[in-house]
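Given the coordinates of chain A, assemble chain B onto it according to the supplied hints.
The primary structure of each chain is shown beneath.
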Amino acid sequence: MTDGKYIALSEKNIAALEKNGCRAENWVEVRVAAGFRPDSFFNVAFTGKVEIGRQDGELVLADGSRRKYGIYNASLENVRIGDHCVISNITAGLRNVNIEPGVIIENVGEIICSGASTFGNGHAVEALNEGGGRELKICRDTSAQVAYLSILYRDKKQLIDKLNAIVDDFSVQVKNDRATIGRNSCIRNCLKLHNVHIGVNANLDGVQKLQNGTVDSSAEAPTFIGDAVIAENFIIQKGSMVGGAAILSGCLVGEAAQVGKQVSLENTVLFANCEAFHSELCSVFAGPYTVTHHRSTLLIAGYFSFFNAGSATNQSNHMYKLGPVHQGILERGCKTGSFSYLLWPSRVGAFSAILGKHHANFDTTNLPFSYLNEEDGKSLIIPGMNYFTTGTFRDGLKWPTRDKRKNRDMLDFIHFDILSPYTGQKMQRGQRILLDLYERSEKGQSFVSFKGIHIKRLLLKTCRRYYQLILDKYFGDVLIKRMLASKATVFSDLFASTKNEVVPHDENWIDVCGLLCRQSRMEALITAVSSGELQSFAEIRAALRKIHAAYAEDEWRWFLSNYAHLHGCELAMDSQENVRNLLAQWQKSSLKLLNMVFSDAEKEFEGNVKTGFGIDGNADADFTAVRGVFADNTFKIHLDSEIESVNTKFAQVSRLIDTIKFLSAGNKKD
Amino acid sequence: MATTLERVKKITAELLKIDIAMIREDSRFVEDLGAESIQSIELIAAFDEEFDIEMDEDEALAVKNVSDAARFIDRYVDG
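Protein sequences appear in the order of chains A and B. Mapped onto the numbering used here, the consecutive letters of the first sequence carry residue numbers 26 to 695. Mapped onto the numbering used here, the consecutive letters of the second sequence carry residue numbers 1321 to 1399.
Read the hints as simulated data drawn from the structure, not as lab findings. Every residue, glycine too, gets a C-beta built ideally from N, C-alpha and C. Some hints could be false.
[To be verified] Computed footprint of chain B on chain A, listed as stretches where at least three residues anywhere in the stretch have a Cβ under 8 Å from a Cβ of chain B:
id, region
1, 406 to 417
2, 474 to 488
3, 630 to 644
Same shape as in the complex, but just chain A (with noise of 0.2 Å):
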């Protein structure tokens, strides 16, 4: 190892160098590692202060070839070069830079650092409003929550003061004259580096041009830029991928999300595990898990998460009156349909489904789990069927499974509950909403309006009782899960972590763009930061934590509230047989719902889905080879074993139910 320490070339060590076609403005500005070897130099241009650790041994590649650690045929000014690199076929030059030891440099343009760099940190991006006011500076170590404040809280100016002058100061401390290219990684067959900096084990190969930015990386999460990528004022963070041509302008790419095929994002800032094709992004903010895979979507001034674009996506954030201004929101879990249209401003509800096009602005927030349609130009919307769609639970059983990211330092913090009290609130809402609109219709009246939608008046009923078995569901999850994790003898037990600290029933939850909590723990939170008690990222970040793994006992607390609310009694106190109605109400609507879902899926396999199927004949026989049959299908059956295990958790906790102390008046046993 070099230690840091260089001593001068020796005379003979010069014209060693020289008879290799080596060349130096000044000999004595060039300084090497002590046991140094002019054998591993040729044809290598040093300019100005050039030090050069070890660089005795080869390399043994992936593929099995074998490098020669050296410098070959480069022109370097102003570099340090770590120990056991390879360089070679620089054309136009490394300048301005210090690279870290076990880099691969090969068939490269440029690698230049212009002046003093923040390397992308401090740029800020126009994110959701193209119009600006919600600029958001980004850095290395932006998470998705902080960018959530930063973007949608901006009339909480000392929260925006303080997160800006926490980018401020980190752009501060990494401004340099020099850019780092961090140990092991390697740069291949890239045109020109300008401004960049490069975290540890980072892959480039292919890439065009890059700005301004950085590109963070690590040993366990390893980001990768690929072929003919573009660009500039950018944070990629770590575990990415940016490939395919992708053209980037003032961007954020988050923890293992992926870029490419000749994607454009422009003031986009996407986060962990999001993945951007084919498509344009302009101003989005994209939260954890969007995906917008396809040609001609357009995503504009726009928040999402967990989101997934049908081919062809567009909306329109211009009334052509005051410019570009205007934004929407889809909550989280949100689809679009192929070519389906929204007209901004408008507001989704959670785990909706968006199909058509739509000319209206309409704000749904409080009918999660919608089917949002156009019939005749009319904007119409189905609150609560999207929730027994085949989908919908599908989404729920593969987001966490494909969670990307390794490293251990992760930024965004995400709960995957698609029940939830967030969820479970807007549902109680949405229930209200449409009895109030049932109880003011008429009978002959084909439409009801809500916010700019329109709701058949015949499915107002219907659709208030999909909340309530969706509820009756959750609020049994709940209670089940609790019930099976504790060793309680006396039901009233259950309760003792929960009796120092009430959720009221009514408090707001939010998802704070993946991250769903109290709104007042949020507001905590805000008035750290706002005050300076929290400083940096690191503390913020450490503080959501805490409100991250404070869920699910605020969710567990939350319920026992509404319990109250709704019952008029306390759940600790309440009766062994009204326990017992509770859980088996549970049973009734877990299975409905599975079965809602099973025939959402078995449409799949009847009707028309045959149709082009057997093109010359025997199209019974081609779809089961192709598509196979119902009965075998790994998601009818997993179907059944969620129907079994619905009925073994019931059959279990009823076994605890006839066991346990109940302390209420009403105990049958007791």
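Quick look at chain B alone, frame taken from chain A:
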């Protein structure tokens, strides 16, 4: 007074915007009459209102054809 089957046909024709003469007892809502997922929900809601009943959501969605729907509804109407 119209039978349950006749009333089911009438509502189905109105909601799916098809000629009632096209609807047979064994017509399947999805395959033969082209009902989409959304329309299946609307049909259940329309039957609920027409017969002043509240059908089991999952069982109602599993009903495939017109005569089965009439029989299913009769279970509720007859109490």
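Hints and how they fare:
1. 406 to 417: As far as the region 406 to 417 of chain A goes, the hint holds, because 3 residues have Cβ atoms under 8 Å from chain B.
2. 474 to 488: As far as the region 474 to 488 of chain A goes, the hint holds, because 5 residues have Cβ atoms under 8 Å from chain B.
3. 630 to 644: Since three or more residues must qualify, the claim that chain B covers the region 630 to 644 of chain A holds, with 3 doing so at under 8 Å.
Every hint from the earlier list agrees with this structure, and none is contradicted.
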